[in-house]
Amino acid sequence: AQSVTQLDSQVPVFEEAPVELRCNYSSSVSVYLFWYVQYPNQGLQLLLKYLSGSTLVKGINGFEAEFNKSQTSFHLRKPSVHISDTAEYFCAVSRKSSGSARQLTFGSGTQLTVLP
Amino acid sequence: NAGVTQTPKFQVLKTGQSMTLQCAQDMNHEYMSWYRQDPGMGLRLIHYSVGAGITDQGEVPNGYNVSRSTTEDFPLRLLSAAPSQTSVYFCASSYLDRGGYTFGSGTRLTVV
Numbered sequence: 001a002q003s004v005t006q007l008d009s010q011v012p013v014f015e016e017a018p019v020e021l022r023c024n025y026s027s028s029v030s031v032y033l034f035w036y037v038q039y040p041n042q043g044l045q046l047l048l049k050y051l052s053g054s055t056l057v058k059g060i061n062g063f064e065a066e067f068n069k070s071q072t073s074f075h076l077r078k079p080s081v082h083i084s085d086t087a088e089y090f091c092a093v094s095r096k097s098s099g100s101a102r103q104l105t106f107g108s109g110t111q112l113t114v115l116p
Numbered sequence: 117n118a119g120v121t122q123t124p125k126f127q128v129l130k131t132g133q134s135m136t137l138q139c140a141q142d143m144n145h146e147y148m149s150w151y152r153q154d155p156g157m158g159l160r161l162i163h164y165s166v167g168a169g170i171t172d173q174g175e176v177p178n179g180y181n182v183s184r185s186t187t188e189d190f191p192l193r194l195l196s197a198a199p200s201q202t203s204v205y206f207c208a209s210s211y212l213d214r215g216g217y218t219f220g221s222g223t224r225l226t227v228v
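Keeping their order, the protein sequence lines are chains A and B. Just so you know, we're using my numbering here: the first sequence kicks off at 1 and counts up by one. Just so you know, we're using my numbering here: the second sequence kicks off at 117 and counts up by one.
No wet-lab data here; the hints were simulated from the structure. Be a bit skeptical, because a hint or two may be false.
Said to hold, decoys possible - Residues of chain B placed beyond 12 Å of chain A at every Cβ, according to the derived structure:
{"id": "1", "residue": "124"}
{"id": "2", "residue": "134"}
{"id": "3", "residue": "153"}
{"id": "4", "residue": "186"}
{"id": "5", "residue": "189"}
{"id": "6", "residue": "198"}
{"id": "7", "residue": "204"}
{"id": "8", "residue": "221"}
Unchecked claim - Partial chain A-side listing against chain B, Cβ under 8 Å, derived:
{"id": "9", "residue": "39"}
{"id": "10", "residue": "40"}
{"id": "11", "residue": "42"}
{"id": "12", "residue": "43"}
{"id": "13", "residue": "44"}
{"id": "14", "residue": "46"}
{"id": "15", "residue": "49"}
{"id": "16", "residue": "86"}
{"id": "17", "residue": "90"}
{"id": "18", "residue": "103"}
{"id": "19", "residue": "106"}
{"id": "20", "residue": "109"}
{"id": "21", "residue": "114"}
Said to hold, decoys possible - Some, not all, of what chain A presents toward chain B, calculated at C-beta under 8 Å:
{"id": "22", "residue": "14"}
{"id": "23", "residue": "18"}
{"id": "24", "residue": "104"}
{"id": "25", "residue": "108"}
Glycine is no exception: its CB is placed at the ideal position from the N, C-alpha and C atoms.
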């Protein structure tokens, strides 16, 4: 089984400042890694994913994440945030195979609040 | 493309009542799943399906039933609603061999 730990439940940051949302995972097998964003009263939207290849992954809205296998981490970063980035962010993993292993395990979420 | 459509968006049930949450996708995804979202707990998998006629339990299946008679539809049935089932429910789908789910907009269920 795999597990995901999001180290910060709430992250307040001022507009135009950089931000890092931390995610660590635990798994006995190789995994795919994902970040999702949830705006208030909406479903989850995929921000970016790591499947293989380059460990630096770029996503939508200027976000990027870096896969670090030795530290089992997949931290999400943005160099300059906007008010519109205020949302809850979820890190998730799935086992690196198809079929029933496609199920995602989610972290508990990080609420990013961008202050003016 | 509608993506993943969930109905209803809101529902209030009395303890002991039953109901079905509907989920439909038009992307020909093989994989479909139901999650519940509770504050501070992220999303937890209830049931999932890798194709028509195939379903399996997730992390928190008790009190819920599913079936998958077509590729498009994956309804979630609450057999006898309990206050502990008050939550926001999300349906999600994906291809089996590619990463990334598409989520519905959710059903907010309150059991009184």
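Return the numbers of the hints above that this structure violates; sort them in rising order. Structure breaks hints 3, 7, 8, 9, 10, 16, 21, 22, 23.
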